[in-house]
Amino acid sequence: MARVELRNLCKVFPGGVQAVKEANLVIEDKEFVVLVGPSGCGKSTTLRMVAGLEEISSGEIYIDGVLVNDVPPKNRDIAMVFQNYALYPHMTVYKNMAFGLILRKFKKKEIDERVRKAAEILGITELLDRRPKALSGGQRQRVAVGRAIVRQPKVFLFDEPLSNLDAKLRVQMRAEISKLHQRLRSTMIYVTHDQVEAMTMGDRIVVMLDGIIQQVATPLELYHHPVNKFVAGFIGSPPMNMINGTLYAQNGNVRFRDDSSTIDLIVPEGKRSKLESHLNKRVTIGIRPEDLNENASQTPKPGISIQAPVEVVEPMGSEINLYIAIGKQSATARIKSDREPEINKPLVLDVTMGNVHFFDLESELTLV
Amino acid sequence: MGRALQRTAIYVVLGLWLVAVVLPLGWVFVNSLRSSQEFVANPFGLPWLFTGGPEGHARAEAWQQAKANYAKAWVESHFSSFFVNSVIVTGCSLVGIILISAMAAYVLARFRFRGGRALFLYFISGMMIPAQLVLVPLFFQFTWLSRAGSRLLAPFGLELRLHDSLSGLILIYVALSLPFTILVLTGFFKTLPGELREAGIIDGCSEYGVFWRIMFPLARPGIVTAAIFNFIGLWNEYLFALVFVSSAAKKTLPLGLASVSMQSQYKTDFGLMFAALVIVIIPTLAVYMLLQRQLTSGITTGALKG
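Going down the list, the protein sequences come from chains R and G.
With the first letter of the first sequence counted as 1, position 102 gets the number 102 in the numbering used here; the numbers rise by one all the way through.
With the first letter of the second sequence counted as 1, position 280 gets the number 280 in the numbering used here; the numbers rise by one all the way through.
If we strip away everything but chain R, and leave its shape as in the complex, we get:
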């Protein structure tokens, strides 16, 4: 059992920079929670406060119901994997993994069993006698993970553990850490700036910006129901297209026209009621690239289609990323197509209106 709870957690660095503001979060036992956000959003600081490496300015952290604010890291029963691995260069892989157990005065036999088992799980048994400098980046990362799992801690903390690996290895290790979580069934808190990592690994995701938790939700919840413009833009790749314009009523319909009058869309009925208060006001709409589809007959449907010139074509294989010009703004579309659209020619795209998000221009909060 290891439930982690943050209550009104704040961190102010000397010099007045407020890295974390009033963070409230409950991480359930055996849950895999990912803290994600751009650099400087306070996600690493939050993790380091849970680890005990960073002093808490105000607020409380509970692990397993116990207030740990003043408990030193070694007594919090946590293990951490660092971005830079932080392996001890003067020790062999075996000793690196055993170090924490030796310090805790485990019996030799028990240490040996645990280290060998962890090495087996991670496929590094044949590396046990080597020093870190004789290992590749991926192997070092495995050793760093191994060092954490031999301890069998209540909570695992990962601080951007994959960001120093190349793309292919990152995808592989991502899956391995997920598998590890299923196998060990322990609480894991994982920090990353990579939303793909967050989406693929987390049971729940905590999106942070400027030290404030923006939203805590499951990956699909975040994708479909972001609470504000930032979360909407941060989750999803390529990012959501944000277009500013005005809502207006016409013939009993609520419509959206962008500032350049390139597009004019009819708001679907289900979303109408929540937007009525913003009639004749400026709003931002968010359209995911995958919600822009090529119109098969290239005949615009009024209120649903956009017609815009194609600027760049990026064939990805299974799909094609297009950069189109909407007024002075550039937008991205991700279409399924066998043939590449021609550059600088207008293309008709249909918008899946049911998936479009509306944001208040000022507060940037989601309207619907």
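Keep in mind that the hints were calculated from the coordinates and are not lab data.
Since the model is a prediction, treat every value here as computed from it, not as a measurement.
For glycine and all other residues, C-beta sits at the position ideal for the given N, C-alpha and C.
Check the hints yourself; a few may be wrong.
Unchecked claim - Among the chain R residues that face chain G by a calculated CB cut under 8 Å, a handful are:
1) A51
2) P73
3) F82
4) N84
5) P89
6) H90
7) G100
Given the structure of chain R, go ahead and fit chain G onto it with the hints provided.
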């Protein structure tokens, strides 16, 4: 072509340098095998031990002479006792210097605290004061300290002797060597990755544990460098030993050498003098050869990402 020329030039310079270093050393060693008579006859020639002397001077006789030089230095001139004193003084000083400097340097390099910078500058400022300048004040300070200390220790039947004692000398050596050593080691500790401390703390180390189990072993190249420099300086230290040590039983090797050369004002025994020199030189060479392999840095490679 240009590169080959450059290489040749480098090797010529290095060769000259080698000759300049090795020749005097060799000359000292060769002369330690000769009698004064032989030395005066041909100061720069090869020893009779190798060539056989004039008029069928027997090689065995030359061998006896060589052995006699060393025996005389070691026994009659008390170099055995000077040697032991030097080993004690240099050894204890080195241990003290390295322990204190390493701990101080680690904290100064890795932790930010109020007055940390000032403390560092205070340590370093010690290097700006010429050692000769503190000689006389230190002498009187020791007199005072000895008196005060002895008064305190009197009830236990003990007395504090800082003059004419090896421990007094060790104290001075440690104090005088700290600024330089702390400077060198602070720079070195700064290069060690800070994440290792955090990893150690999460693994269960105390701050002391982090230092002794992780940082100190990793600082080995820096510590060896500092140790070699200090060893050479202290092994050959003359001035402070001369002022603070008076009795023959407490003399260190440099003082012994000086007394041999002083005697030679009245009766020159070149063989003895050179043999004594060799006795002083050999440990320095040995220490350097033993430790220079450790000087190779790069021990931290592998701690962080390539």
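Next item on the list: Answer holds if the nearest beta-carbon of chain G is closer than 8 Å to that of P73/R; otherwise answer violated.
Entry: This hint holds: P73/R lies near chain G, its Cβ roughly 5 Å from the closest one there, short of 8 Å.
Notebook entry, point to check: For the hint on G100/R, does the least C-beta distance to chain G fall short of 8 Å?
Noted result: 4 Å, holds
Notebook entry, point to check: Would the hint on N84/R stand, with a C-beta cut-off of 8 Å toward chain G?
Noted result: Since chain G brings a Cβ to about 4 Å from N84/R, closer than 8 Å, the hint holds.
Check: Given P89/R was flagged as interface, is its beta-carbon under 8 Å from a beta-carbon of chain G?
Finding: At 4 Å from the nearest chain G Cβ, P89/R passes the 8 Å test, so the hint holds.
Checklist line | Hint validity - A51/R Cβ closer than 8 Å to any chain G Cβ | finding: Holds, because the Cβ-Cβ distance from A51/R to chain G comes to roughly 6 Å (cut-off 8 Å).
Next item on the list: Would you settle whether the hint for F82/R is holds or violated, based on the nearest Cβ-Cβ distance to chain G being less than 8 Å?
Entry: 5 Å, holds
Notebook entry, point to check: With a cut-off of 8 Å, does the beta carbon of H90/R approach a beta carbon of chain G closely enough for the hint to hold?
Noted result: 5 Å, holds
In summary, this structure violates none of the numbered hints.
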